[in-house]
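Chains X and G supply the protein sequences, listed in that same order. Per our numbering, the first sequence starts with residue 1, numbered consecutively. Per our numbering, the second sequence starts with residue 1001, numbered consecutively.
Since the hints were made in silico from the structure, they are not lab data. C-beta atoms are modelled at their ideal positions from N, C-alpha and C, and glycine is treated no differently. Be aware that one or more of the hints could be misleading.
Straight-line alpha carbon distances no greater than 30 Å define the calculated BS3-like cross-link-like pairs of lysine-lysine that follow [to be verified]:
| hint | chain 1 | residue 1 | chain 2 | residue 2 |
| --- | --- | --- | --- | --- |
| 1 | X | K95 | G | K1165 |
| 2 | X | K95 | X | K62 |
| 3 | G | K1098 | X | K62 |
Here are the simulated distance ranges between beta carbons [as the list claims (entries may be wrong)]:
| hint | chain 1 | residue 1 | chain 2 | residue 2 | range |
| --- | --- | --- | --- | --- | --- |
| 4 | G | G1061 | X | D167 | 25 to 35 Å |
| 5 | G | G1075 | X | A137 | 27 to 37 Å |
| 6 | G | G1143 | X | V148 | 44 to 54 Å |
| 7 | X | P166 | G | G1075 | 32 to 42 Å |
Given next are the chains, with one letter for each unit.
2 protein chains.
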Amino acid sequence: MDDAAGLAIAFEEAQASYDEGGIPCVKKWKTAVDGCAEPSLTRPRFLLCTQIGAALVDSSGKLLGRGHNMRVQLGSAIHHGETSALFNSGRLPAKAYKGSTMYTTLSPCDMCTGACLLYGIARVVIGENRNFIGGEAYLKQRGVEVVVLDDDKCRTLMDKFIAEKPDVWNEDIGVEERVYSKE
Amino acid sequence: MDDAAGLAIAFEEAQASYDEGGIPCVKKWKTAVDGCAEPSLTRPRFLLCTQIGAALVDSSGKLLGRGHNMRVQLGSAIHHGETSALFNSGRLPAKAYKGSTMYTTLSPCDMCTGACLLYGIARVVIGENRNFIGGEAYLKQRGVEVVVLDDDKCRTLMDKFIAEKPDVWNEDIGVEERVYSKE
Ligand SMILES: [Ca+2]
Ligand SMILES: [Ca+2]
Ligand SMILES: [Zn+2]
Ligand SMILES: [Zn+2]
Chain X
1 MDDAAGLAIA FEEAQASYDE GGIPCVKKWK TAVDGCAEPS LTRPRFLLCT
51 QIGAALVDSS GKLLGRGHNM RVQLGSAIHH GETSALFNSG RLPAKAYKGS
101 TMYTTLSPCD MCTGACLLYG IARVVIGENR NFIGGEAYLK QRGVEVVVLD
151 DDKCRTLMDK FIAEKPDVWN EDIGVEERVY SKE
Chain G
1001 MDDAAGLAIA FEEAQASYDE GGIPCVKKWK TAVDGCAEPS LTRPRFLLCT
1051 QIGAALVDSS GKLLGRGHNM RVQLGSAIHH GETSALFNSG RLPAKAYKGS
1101 TMYTTLSPCD MCTGACLLYG IARVVIGENR NFIGGEAYLK QRGVEVVVLD
1151 DDKCRTLMDK FIAEKPDVWN EDIGVEERVY SKE
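In isolation and in its complexed conformation, chain X is listed as follows (with noise of 0.2 Å):
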């Protein structure tokens, strides 16, 4: 899988987000933990969930896993982009992760940063970072590869969330106003 297929995944869960209103992902969530009911489809739709998406890639190009933020579908505070990734890939060995790539909308925080770290992707390969720049440097610093592919899709998507729901988007990346980088 080249770089642009790989975003191009992150893009699709990033876009689902906002599109679909939060009730796919909530009822996928539902299915990976066994022996949980189907959710009520009552169940309000969620507006305006954090539109960020990830895709974790193996070295052989497999994909392990994709997913996008669910701070208002699941009121969580540790569901980005690239932790849903990584939560929908499943437990795995440490080898299955040597060489991965992670594909994310948007430069990833520091929670996020550090989740790439601890299971020693390789790479991260970034939609763009003209929003919010997070750990980019440190993740280099660490020895991981970083691609910046300033894509105008994820560029766009973004910028329309942040001006419709900053509220959301401060509180997901854990400030009282609007910030390009806390580094």
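Fit chain G with the ligands to the known structure of chain X by using the hints.
Quick look at chain G with the ligands alone, frame taken from chain X:
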């Protein structure tokens, strides 16, 4: 709440993972996702779940959330002690974390280090760091106060887990063989 009281909660969480075999935390988890049925009581008990616990306490001494590693219970690569405590704290605005302390039974891995940085947690109080040293130096570099209590109970519980389930432990810290530090 003083540091001994905070660490005691983190330790209870760690021990719960070991003693209770995972069922109680899965129930708690499913209850958190509303509309989801109770898990089947015929579900097999999990044995020897990773016993690392954490508690997040705010600047006024109020417990925001507590949790433990759920790798085995949820098949999750992202639910460590500290991230589970953050998850169980729910969605909070940035100001709720101001001046907060994360208590953890073991030195935080890179992911949990990053999660503390993302939310601007002020202090990280660590039960022990003899079995593993995570991102302590980076936390200090980024302005977080780090306190290591070198607690015997935390170390003894962790020693026991690592001796009994080295494979689960290695998977949890993303390594193929036991290491004391990735830095
Ligand atoms: Ca993210
Ligand atoms: Ca942990
Ligand atoms: Zn993140
Ligand atoms: Zn951790």
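Original post:
Does the structure break any of the earlier hints, and which numbers would those be?
Top reply: Hints 3 and 6 are the ones this structure does not satisfy, whereas the remaining hints hold.
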